[in-house]
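**Q** Sequence:
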Amino acid sequence: MKKIFAVATIIAIFASTSILCFGETKWDRLLVESARVFEEMTQMPEEGIPKSLLKNSYAIAIFPSVVGGGFVIGGKWGQGIVVVKDKKTAKWGAPAVFNLGGASLGWQIGGQATDTILLIGSERGLEGLLQSKFQLGGDASVAAGPLGREAEAATDLQLKGAILSYSRSRGAFIGAKLQGSVMTSNNEANTSLYGGDYSPNDILILNKVKAPGSAERLLNDLAKY
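Those letters in the sequence shown? Residues 16 to 240, per the numbering used here, in order.
There's no promise every hint is true.
Using 25 Å as the maximum straight-line C-alpha spacing, the simulated BS3-like pairs for lysine-lysine come out as follows [as the list claims (entries may be wrong)]: (1) K102 / K70; (2) K70 / K100; (3) K239 / K148; (4) K41 / K223.
Think of the hints as simulated: they come from the structure by calculation, not from any bench.
Make a model of the complete structure from these sequences and hints.
**A** Here it is in structure tokens:
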């Protein structure tokens with residue numbers, strides 16, 4: 016029994032320290048999870064997010080809600096990332112971590128967590144993100160985005176007129192209520208990822224930081240758009 020306990024203890028210690036050895040944090044895991052959510056919500060040609068919208072977006076926000084993974088607390092708060100496309104190079108830059116909160120988010124349907132992607136297609140929406148507090152439906156209008164191939168033709172005007180939201184629960188797209196929700200920069204997470212006190216403007220617009228290795232998968236996915 017003592018030998019079994021000793022072996023179990025060694026395994027537990029190795030498991031807990033292996034993450035530290037590789038320098039991975041929960042924010043690195045958030046970036047990887049964001050890539051997974053983005054892949055799953057865009058690789059559905061018949062009912063997924065239209066490619067034309069993705070290509071014409073100024074910025075994209077991804078809020079993966081993994082039950083028990085630390086990204087959702089009580090269905091009222093989520094943590095995710097925002098990426099911005101450089102106007103000159105058309106390349107996506109380093110991600111910044113944001114919080115999304117609101118008393119009526121509706122993030123959980125019957126206890127089921129919901130993944131959300133926001134497409135920002137106007138400069139006003141992008142500028143709003145850089146403020147200390149950005150309210151969806153207040154500082155910029157938000158609407159459920161169109162889905163699938165049939166929506167491709169009429170998407171550009173919709174994107175310029177509002178932030179488009181896409182929410183998925185149990186593998187199906189749903190209309191989550193985001194009006195009144197507030198986005199704020201997660202300074203703790205950004206400091207952890209980049210090793211300094213960088214504002215959203217520093218990360219997303221001025222490109223003062225280099226994307227961490229954990230963002231490689233996400234940036235490779237975004238490069239298609």
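**Q** It remains to establish, for every hint, whether it holds in the given structure.
**A** Status of each hint after checking the structure:
1. K102 / K70: The given pair, whose Cα atoms are some 12 Å apart, holds under the 25 Å limit.
2. K70 / K100: holds (10 Å)
3. K239 / K148: Distance ~30 Å between K239 and K148 Cα, so the pair is violated.
4. K41 / K223: holds (22 Å)
Comparing the model with each numbered hint stated earlier shows that hint 3 is the single one that does not hold.
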